[in-house]
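Protein sequences appear in the order of chains A and B. Using the working numbering, you'd call the opening residue of the first sequence number 15 and step up by one each time. Using the working numbering, you'd call the opening residue of the second sequence number 22 and step up by one each time.
The reader is advised that the hints may include incorrect statements.
Said to hold, decoys possible - SDA-like, lysine to any residue: derived pairs with alpha carbons at most 25 Å apart: (1) B:K149 - A:N591; (2) A:K459 - A:R597; (3) A:K224 - B:M175; (4) A:K290 - A:K434; (5) B:K38 - A:E266; (6) B:K92 - A:T222; (7) B:K111 - A:P611; (8) B:K38 - A:Q286; (9) A:K224 - B:G65; (10) A:K425 - B:K92; (11) A:K226 - B:A101; (12) B:K38 - A:I262; (13) A:K434 - B:G63; (14) B:K149 - A:R565; (15) B:K149 - A:E586; (16) B:K149 - A:D648; (17) A:K226 - B:E115; (18) A:K224 - B:L165; (19) B:K149 - A:G716; (20) A:K106 - A:K186; (21) A:K106 - B:K148; (22) A:K226 - B:M175; (23) A:K226 - B:M83; (24) B:K149 - A:T705; (25) A:K106 - B:D105; (26) A:K226 - B:K148; (27) A:K299 - A:G639; (28) A:K476 - A:E320; (29) A:K642 - A:Q286; (30) A:K595 - B:N42; (31) A:K595 - A:N523; (32) B:K148 - B:T64; (33) A:K434 - B:T64; (34) B:K38 - A:Q285; (35) A:K224 - B:K76; (36) A:K242 - B:N42; (37) A:K224 - B:L37.
For the record, the hints were derived by calculation from the structure and aren't laboratory data.
Residues per chain, in single letters:
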Amino acid sequence: MKTYINETDGPVNKDRRDFLKKLGCGVVVVFSVGTPIYGITRKSVLEDFNAYLRVKEDGRVDLFTGKVEMGQGVCTSLAQVLAEELEVAIDKVDMIMGDTELCPFDAGTWGSMTTPYHDPLIRAAAAEAREVFIKMGAEKLGIPQKRLKVENGVVYDTADRNNNVSYAELTKGKKVIKGVAKPKLKGSSDFRIIGKPVLRLDAMQKVTGKAKYAGDVTLSGMLHARIKRPEAYNAKLVSVDTSAIENINGLETVRDGDLFAVLHESPDVAQQAIVKVKAKWDTPKAKTDDVKVFDYFKDSNPEEEEFESGGNVEEGRSNSTVVLEEEYYDGYKAHASIETHTATAEYKDGKLTMWVSTQTPFGTRRAVAEALGLPQDKVHIRQSFLGGGFGGKIYNQQAIEVAKIATKVTKPVQLIWSRKEEFLYDRFRPAAVVKISSGINTEGKINFWNYNVLFAGDRGAKLFYEVPNYKGVTSSRKDTHPLQTGAWRAPSNSTNTFARESHIDMLANAAKMDPVEFRLKCLKNPRVIKPLKAVADKFGWKPNMTLDSGRGWGVALGEDVNVYVAMMAEVEVDRINGDVKVRRVVCSQDMGQVVNPQGTRLQVEGGITMGLGYALTEHVRFEGGKVKSLNFSDYEIARFSTTPEIETVFIDDMDSQPLGGGEPSIICVGAVVGNAIYNACGARLYQMPFTPERVLAAIQKGGM
Amino acid sequence: MQNVIQFKLNNQPMELKVNGNANLLWVIRYLLQLTGTKYGCGTGDCGACTVLVNKEPIKACMAYIEDVEDKEVITIEGLAKGEDLHPMQKAFIEKDAMQCGFCTPGMIVNAIGLLNANPGLSPEELKKGMDQNLCRCGSYGRILAAISEASERMNG
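Just chain A, with the same shape it has in the complex (with noise of 0.2 Å):
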């Protein structure tokens, strides 16, 4: 299966000129291309076709978008932008996310790129929005633009109040207008809502189970589809025996390939008729498993990539005073995304309209269309929720089987996958190895750092501490992991920080330094200096302070997309069993401009709490493709008691250029509970997550 989350904007398709068409009255604004916004154009961004706003007859705005809403909250935010540049309040925005019919062409919703990036197009398109309706006014009013101002959706003479036109009466009987070519933007202190707490637009939704997601489209006559599993992912199908359903009735069976499913419209049906199928598969060998897949990787004769480099690491190692060399391990983890995989499809005049619970909506598109030799405008992805995605929803697995299903029956169809399916055909997050060499001077700073991180990404792995000689590389071999890996939220980056952070610890031990002076003294970058210094004054640190016995704190810093992450917690550790309970977190982040510190403040939880999982109990155990974790029983995340107090204080800067904030929070989370076991109790951790049977051994091996 082939997905698509390398590209950036790929062009528009034609019949976007229809959809311009199709909209009723009201004023559609296009965006023009180039216009820099904290330096940010879009180049291949076609001018025509782009609307990402309507101004309709009854006031309301539609704000059109190909960003999906999973939980992070842009359907709050960018509203924000929007309603901050067009003057409107912001309950008078309506959000049309994904739909590929609908929507300007987006890449797909991930790696925290829509705030930075998307955010200034939305302002620059209603700030070009706002300009026309002066201009309009003025037309309307008989006033020259310059004694107008707008205010709630009303252009005004600043002469006269009284002497004003709404928005509405503008767009009545209005079809398209072109933009103006520089829309001016707002001054950050002309602010009335970025920067502004706003609670999340879909609560209301959400909490009367109105939200829709794409297993929430119940059309008539529609089945639902059951299909065939092997244990191992990577199972081929040889045969199927169907003589124990042949007596069902209205069950219906679709054969395509490797895809063998049964389809009902009851859904208890379906399933026991798939339980009755016979299968045969051919499995490959296993080529290892979650215990032995570290040595499985050293011996892959993986192949070196160097990611940065600088000054000479054998020099430095040679006049330093103290040398560690160390290897860190974490295993697989899995999105767990509590809805699973679905998709909902309705076939109909040779077009497949559908809802997929998707980060990707046009990838989906084009996969699907691809897999089904259909052009790509017979193929209509439709607005829904996401019930979370975490990186794991951008591959398109269950759109593609339903859309196979659906072409050959002649009623919709729903697959919602099992619990099981959703971890058997996960995209983990990859197991890997980092190994780290270093070591200090006589000075008591760090003189050299040789980083090789083993089957994972280098995010988060490049060195924002004052090193004269250090060198990173990545390592890996095409093939190698025996399970599916994907993107998981801020890929990479928690196996880096809680390698790198674990290791700074030592060396400011082995400086004999409190670890949070130790990293204020081989710091130089001011963007990671002042989150530190904010976490540690929140936290009431003290240099070299010790806590309540049984009880430890730590510090650990990151950066992701950009944003910097400093973290502290306080743990308690039971010696007798090896439990670890985190008490309290509390995180710094400088993130640019915070468009909605309310629901910021809510992603930093979340990746915290999340963070938790992996830190102490989340482990995919498998043989080969035979994935054993398969649901929530043998596969623990965070819970409600899992869950400590947590605080956030943000680097605010309303002046710069706005950061992603659904990922940064999570990365610190492994390292900063494994340099706080280490002072409540000595015992280093180097593999996630940390079990108690791991802290337990840790703390016979150099515990106090």
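Mind docking chain B on chain A? Use the hints.
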């Protein structure tokens, strides 16, 4: 195999002609078209499908329709009285106690069920009572704050 099952759903009397062993979650979602109750795991491990049966929270994915015969079932759609939201729903909005929202109906329904049984639950008891409801987005802290807020209002 078809039985006539009578029960009350969101205060409306219902009479369904279905197999008694039809899964309660699927009946609610597809026969009755109330899709606020979600499928998350099918094994009672996540709580996304929680509904109230005679005021007690149960996992609909683990129940048959015949289990609710002559009983009163409340789903997320049955909590508001017209436009007037249940205090728990209001508190979830005010505390921003959700992200993707997929677990939210189960969270709200389970919290109401806990407080139905014992209005005076302490924060620690609430945490324990909610521990089988999973939220991958990590909104637990805010959900607890919302439940505490609603609990005070419901008692007050």
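Quick rundown of the hints versus the structure:
no.	hint	in the structure
1	B:K149 - A:N591	holds, 21 Å
2	A:K459 - A:R597	violated, 32 Å
3	A:K224 - B:M175	holds, 24 Å
4	A:K290 - A:K434	holds, 17 Å
5	B:K38 - A:E266	holds, 23 Å
6	B:K92 - A:T222	holds, 22 Å
7	B:K111 - A:P611	holds, 21 Å
8	B:K38 - A:Q286	holds, 20 Å
9	A:K224 - B:G65	holds, 23 Å
10	A:K425 - B:K92	violated, 34 Å
11	A:K226 - B:A101	holds, 18 Å
12	B:K38 - A:I262	holds, 19 Å
13	A:K434 - B:G63	holds, 9 Å
14	B:K149 - A:R565	holds, 23 Å
15	B:K149 - A:E586	holds, 19 Å
16	B:K149 - A:D648	holds, 20 Å
17	A:K226 - B:E115	holds, 21 Å
18	A:K224 - B:L165	holds, 22 Å
19	B:K149 - A:G716	violated, 34 Å
20	A:K106 - A:K186	holds, 17 Å
21	A:K106 - B:K148	violated, 37 Å
22	A:K226 - B:M175	violated, 29 Å
23	A:K226 - B:M83	holds, 23 Å
24	B:K149 - A:T705	holds, 21 Å
25	A:K106 - B:D105	holds, 22 Å
26	A:K226 - B:K148	violated, 28 Å
27	A:K299 - A:G639	holds, 9 Å
28	A:K476 - A:E320	holds, 11 Å
29	A:K642 - A:Q286	holds, 23 Å
30	A:K595 - B:N42	violated, 42 Å
31	A:K595 - A:N523	holds, 23 Å
32	B:K148 - B:T64	holds, 21 Å
33	A:K434 - B:T64	holds, 10 Å
34	B:K38 - A:Q285	holds, 20 Å
35	A:K224 - B:K76	holds, 22 Å
36	A:K242 - B:N42	holds, 23 Å
37	A:K224 - B:L37	holds, 23 Å
Comparing the model with each earlier hint shows violations of hints 2, 10, 19, 21, 22, 26 and 30; every other hint is respected.
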